[in-house]
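Novice: The residues making up each chain are set out below.
Protein chains: 2
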Amino acid sequence: MSKKYVYLFKEGNAEMKAILGGKGANLAEMTNIGLPVPPGLTVSTEACTVFYENDKNLTDEIKEQIDAALLHLEEQTGKKFGDQDNPLLVSVRSGAKFSMPGMMDTILNLGLNDQTVLTLAEKSNNSRFAYDSYRRFIQMFGDVVLEIEKYKFEGVLDRFKEDNGYVDDTQLTVENLKDIVEEFKAIVKKERRIDFPQDPKEQLMYAINAVFMSWNNPRAITYRNLNEIPHDIGTAVNVQSMVFGNMGDDCGTGVAFTRNPSTGEKKLFGEFLINAQGEDVVAGIRTPKSIDELSEIMPEIYKQFEDITQLLEKHYRDMQDVEFTIEQGKLYMLQTRSGKRTVHAALRAATEMVDEGLITKVEAIQRIEPKQLDQLLHPNFDPETMKAATPLAQGLPASPGAATGRVYFNAEDVAKAVADGEKAILVRRETSPEDIEGMIAAEGILTSRGGMTSHAAVVARGMGKCCVAGCEMAKVDEELKLFIIGDVRIAEGDYISLDGSTGKVYKGSIKTVKPELSGNFGILMNWADEVRRMKVRTNADTPREAQTALDFGAEGIGLCRTEHMFFDEERIPVVRRMILSTSTEQRVQALDLLMPMQKGDFKGLYKIMKEKPVTVRLLDPPLHEFLPTEEKDIVALAKDFDMQVDELKAVIHSLQEINPMLGHRGCRLAVTYPEIAAMQTRAIMEAAIEVSKEENCNIIPEIMIPLIGIQAELEYVKKVVVETAEKVKEENNSSLEYSVGTMIEIPRATLIADEIAKEAEFFSFGTNDLTQMTYGFSRDDAGKFISEYREKDVLPEDPFQSIDQEGVGKLVALGVKLGRTTNPDLKIGVCGEHGGDPKSIEFFHKTGLSYVSCSPYRVPIARLAAAQAVLKEESDFQNDK
Amino acid sequence: MSKKYVYLFKEGNAEMKAILGGKGANLAEMTNIGLPVPPGLTVSTEACTVFYENDKNLTDEIKEQIDAALLHLEEQTGKKFGDQDNPLLVSVRSGAKFSMPGMMDTILNLGLNDQTVLTLAEKSNNSRFAYDSYRRFIQMFGDVVLEIEKYKFEGVLDRFKEDNGYVDDTQLTVENLKDIVEEFKAIVKKERRIDFPQDPKEQLMYAINAVFMSWNNPRAITYRNLNEIPHDIGTAVNVQSMVFGNMGDDCGTGVAFTRNPSTGEKKLFGEFLINAQGEDVVAGIRTPKSIDELSEIMPEIYKQFEDITQLLEKHYRDMQDVEFTIEQGKLYMLQTRSGKRTVHAALRAATEMVDEGLITKVEAIQRIEPKQLDQLLHPNFDPETMKAATPLAQGLPASPGAATGRVYFNAEDVAKAVADGEKAILVRRETSPEDIEGMIAAEGILTSRGGMTSHAAVVARGMGKCCVAGCEMAKVDEELKLFIIGDVRIAEGDYISLDGSTGKVYKGSIKTVKPELSGNFGILMNWADEVRRMKVRTNADTPREAQTALDFGAEGIGLCRTEHMFFDEERIPVVRRMILSTSTEQRVQALDLLMPMQKGDFKGLYKIMKEKPVTVRLLDPPLHEFLPTEEKDIVALAKDFDMQVDELKAVIHSLQEINPMLGHRGCRLAVTYPEIAAMQTRAIMEAAIEVSKEENCNIIPEIMIPLIGIQAELEYVKKVVVETAEKVKEENNSSLEYSVGTMIEIPRATLIADEIAKEAEFFSFGTNDLTQMTYGFSRDDAGKFISEYREKDVLPEDPFQSIDQEGVGKLVALGVKLGRTTNPDLKIGVCGEHGGDPKSIEFFHKTGLSYVSCSPYRVPIARLAAAQAVLKEESDFQNDK
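Protein chains in written order, with the numbering used here: chain A, 647 to 1527; chain B, 647 to 1527.
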């Protein structure tokens, strides 16, 4: 039996997203629960895979299945492709497993030709509508299938409007439209040397081809890279019989959310346009009306729509984002899906749904994308500074947060400015998928057209980026690179500030501050804390960082990098004196000067963290990092130190390394200069003893030795640490406890973790370095080829952002397993950047780590991700049973 | 029951080397087969371990066991410690599991004091002997136990000789010796503020302590490092009742080998001294007589000795190195052990013993230390140049080979000269363990005193280093740094040449050539080839290297580094033009110029290797390695290329990397510039097709892609290679086969070897890079701390010399296992430097590799080591059963 590649809507359901795509699966589900969905069929994602395997051609098998499904569709609708009496018209839309809004191409009104347009005019009794549909179809088909530049068609429209003094497309007459259709067909003929295809089935095969091709267009690839969507799952194609929102004033089209996607408020939220079709609403060409107004214009339809949306929310047990069309007074549902929402909205909706009894706490935890929490930490304007600021204009509050930067008018200029270290605001009349790179780079986005569901708004919310949309007061001239609001003229490079939560635009730069965390955040975080097993610590070197992390719920410091203290302006001369010492005595003298400073640093941290664990890593970077490299600095240093310049240069030269990453650093420094480790141990211990007394608490320092690759290294350095620590205890008549552990960041350390664990009381995986060495990638250099690797799909994901489970992860798992064989009580954490990455956190949970440590602003993300990891594991366990 | 730490000789046997040390175990064995061995006891190596655990003190338990064994010894000998009538005198010698000649300290005549010296004089009827023994004892004890500098005692002896006009120690009278004893005791008193201990048991405990302490003296540590002997196994102490070779002219002492240790000839070979004691022979102070002469002086003793040595060789089934003493006409055996021998001797003895039926072929293979074969490859003098050379002097042919270099007179000067890139000859009156570093660094060694078993000779043979010993014609003045032979004066820095096989010394420098490989070598290699499973290939980039390796038995080329061809003087301008190209077109133009050159290189290799496999690795190093770094070279290049200097500098700068080891190189270059891989593939394929035709053979090129860490990298580059190769085949209408494989040198590659093996037809482990990344050691930089690690015993072995089985080896084993799961036919080799290291080769065999590839001169070593690995595995298997 041959494989099934084509499904009627009534043959599918919501579980079949992998095969039918999200859109197709939900259309099938809605069909089957009896909602008014225009009939249609879905060509599966598996057909897309076959298409690419077959050298980008549809196989005969698939074509036959499409033909068969079309026959069904014709029977169902009583219409026929190309029929003079009752022609079938369809829309053709892409729909992958994961939502990729606006990333791929759509064709409407397919089936129109020189004959059926006449029938459509007759049956609708509306020639204008028929010819408007036909010209739209040729335009879309020309763009998407034939790849003729859009502006060629738009230029014709503009000319007609100009010549006739029209402001709006709706003013075009039937005769205008007939002429435009002819001109459009002439453009096709001129550009592609073919007549515009008249056979609807031929049109359809072309269109399906084009949708499949669009899976690999550059914006789709960029979107997938950004959202970590696999490149090999393909898209489905949905072919649906057309309903028309543009047949007159009893028609319309719109989109709505069952709850407010910005705030989470439980109230239908959306927009619609009367007498409009398809992409008109989301494209932001015309500014739509609020969905509330529909209850006034079409009260019955509104009631029906409201009932349907409530049904859908209950059915899916989640906030829905729906699309609908009203054709001559009849409501049709064209799409439903989980609604994208800001983190504010997500938190409010989740906690309220728990209150409503719609979902459980556990489900609420799973509803929040941990990375989204990042948005909470985005700055708001400083209220003091705000007082002095005068708003310039009001737009739509499309994506919350505050942003300040210089304005640029296209994606390229933004990217360039950001690369040069500037903060930029992207200003566009409206955005399109071509602007995606600029949107990623910008601090915030301002558009003069489009609504809350315009491209700019949807994408910005997805990114958690501040956006003010539809600010019609702003006259944007992208060519001249300026915009005008009243009599204020803002040119490229001028500062503006945006408040995405209020929609206000300000001139100049306004100081930003961190937001207060809302009540729903606290509630959800508490639920998460009840569930998670792993502790969450922070990487912090200063009291300020420690305090921030503590406020975000950090349960300790997993990594304090002592070298950051060495770089301090007042200390660096002493550090350099230490490095340039020619004898141990000289070095010890310099270290004696550093000791009280380091002790002060540690006391500052202990005073904040009290009894929470603080892991201090001994000096890690190669010593040459502390020496000057510029000629003038070297000359100055030589003078300071009363050295010959050449002599100093020779010392600096002797410390230089070909591959410093693999050089004399970490515990290797402590083996060569045990006195440095001894000084740092003394500072840690004295600080802990003193703060324990001062604060009347019981501090247990954790001393971490970096870069261990050989068991004997650890033995050697640990001996220095323990001898010093015991001496300090004796001197202070103290019985303070402490523990000594190690970073696991050299591949070899994972392989002999059983040996190392005999000496170490804790492990902390340094997955940054472990990734560098396991891949043989220097982060300092790999940028040059990693971006090329990503483009050529050689590297599906950046291993420095999310841990490479297939490779590096194997070593982590091995290290954990071996370590626990000889030391079952071993405490194991991770302090690389992966400690704040949700996907990595799930892996660390599964691997049995005791804690993750991440930057202060990632602490809430880690808390939630750690809880989700527990739930994921439980549900996997249930599924396996 | 308490542990046994002390054994009488009659309680042990030859199998107990780990506990009794080699010397102790063999003394026990000889005792038990009825040979004349003076009775004694052994304090075990386990006692040494306890000694170090007990803070360098003997425990009471051990002391009690020593006391008990001493009682036995006193009963056995009928003598008593300190007894006025019949005092027991003993020697105290170290003896570890592995022979460490001269590395540790020995004390003779222990038990003598102011009383027993009188008894000894009376009983021996030889006061001179008694006092000479006493002064020797005080001198050794002072040196070894009390650590008083030797020269303080020697100065007294020299003064007495000078004052009395004596030439030789034997001329000292009894009165002289009595005075000397008093002066020696005064030295002890002055230097250490103690009276010389008179209680023999106290002397003994001191001495045992000192021997245990000597285990960790710097020369012992250096020796163990050099010979890869573990540092934690400790030494035993042998306490043996004294026999005296210095009681008169019916006494003597000597050492002998059962076969000639230089040539392997089956004939007793050794030296002795009449009226001498202990270390006199090996210390090289007096030049001894050949063992042949003993048959004339003491024919009966000689006969008895000859019988014993033959018995020992049969008993041990190996050539023996024995020590003996004749006391008043009675022969005593003091030591037997396997004799160290040159590789020439080892090969001859092994093959002859097979002929004699003494050992099997398999045993013969096991008898040769593979590393020793290296000596075979040492240079001899070029016969043509030799004709013009006039010998300056004749010494003893102590260790074969030929050497040329500038003379230096102490170890430090040699080391310095060698560090400066010179070739040096170490010239000493005699060598001592303090000279060991200089001996390692020197090309050859010349001494004016000492025999074939002197320190210099024994150590040089062990190292396979050319040595001429006992060249008495040379008057060496180490202080003035010159030596005089007749009227020729050779000063520091002058060239001389040594022939270690003839003992001849030449003035000036003589050209050296590789030796002919002797018949026994060929016989043994054939036996080895019959046994081994792994193939042996070579790393070769030029026809000359390929030919050398072929002559040594290489079965293919495992690694041809194409970049070596890029560095060629005529090509580098084209290579640079390629690198500086600003477009693919420009780059392809430059590559088109390189292609015929590379093709020529490959044709050269194929013509030599014919159908033997040749693995060509695609370009590996980062491109910046091909660009100039010096200002003047950059200026010249800019001029050549008609570029601005600043522009060129900017390009060079943009290619520089912080960690080039982990940067843009290997397959990463091929992903960025597929055209380079395509050019190289074309060159390889065209060369193979042409040579196959020209030589009428069937060449199957192996194309190797370096630095793979991600499966998709391999897919990407392999596609380029295969497309090019197929195109070349088509163009040439050829059906040539070829295979595409990869280096496994990135840790990650070993972890995903199953994925990689789906695409690769062969793996070649690049264990150099794999070691660098697994340890996080850059070889370019790690020298700075690796030597410190070795000193501090943090690194027991240099992982770049012998593969780190515990860490890196685990990854190799994993890579092999995973690779074979998805590709059971996968051919797997190694082409790092470890491919020529016997211990690593054993590991690679056990791990299931198909072949090793090493430098041409290591090929014979690898052949033998691969055979031994098979035998080792079989014997381990037998033992496990």
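Please note: incorrect hints may appear among the correct ones.
One copy or two, either will do: identical chains are not told apart, so a pair holds if it fits within one copy or between any two.
Taking lysine-lysine pairs in the DSS-like style, the calculated list, with each CA pair at most 27 Å apart, reads [said to hold, decoys possible]:
1) K702 - K913
2) K1253 - K1430
3) K1404 - K1456
4) K726 - K831
5) K831 - K1253
6) K1373 - K1404
7) K702 - K1404
8) K960 - K1157
It should be emphasised that the hints constitute simulated quantities derived from the structure, not laboratory data.
Novice: If the cut is 27 Å between Cα atoms, do K1373 and K1404 qualify within a copy, between copies, both or neither?
Specialist: This pair counts as within: shortest intra-copy Cα distance 23 Å, inter-copy 58 Å.
Novice: Is it within, between, both, or neither for K726 and K831, if the alpha carbons may be no more than 27 Å apart?
Specialist: within (24 Å within a copy, 126 Å between copies)
Novice: Within a copy, between copies, both or neither: where do K960 and K1157 come within 27 Å Cα-Cα?
Specialist: For K960 and K1157, neither the intra-copy (43 Å) nor the inter-copy (95 Å) Cα distance is at most 27 Å.
Novice: Give the relationship of K702 and K913 under a CA distance limit of 27 Å: within one copy only, between copies only, both, or neither.
Specialist: Neither way: K702 and K913 sit 45 Å apart in one copy and 84 Å across, limit 27 Å.
Novice: From the Cα coordinates, with 27 Å as the cut-off, is the pair K702 and K1404 best called within, between, both, or neither?
Specialist: This pair counts as between: shortest inter-copy Cα distance 25 Å, intra-copy 58 Å.
Novice: Go through the copies and call it for K1253 and K1430: within, between, both or neither, with a Cα cutoff of 27 Å.
Specialist: This pair counts as neither: shortest intra-copy Cα distance 43 Å, inter-copy 40 Å.
Novice: Given identical chains, is K831 near K1253, meaning Cα to Cα at most 27 Å, within a copy, between copies, both, or neither?
Specialist: neither (77 Å within a copy, 67 Å between copies)
Novice: For K1404 vs K1456, is the C-alpha pair at or below 27 Å within one copy, between two copies, both, or neither?
Specialist: Intra 21 Å, inter 19 Å, cutoff 27 Å: intra and inter.
Violated hints, in rising order: 1, 2, 5 and 8; the structure is consistent with all others.
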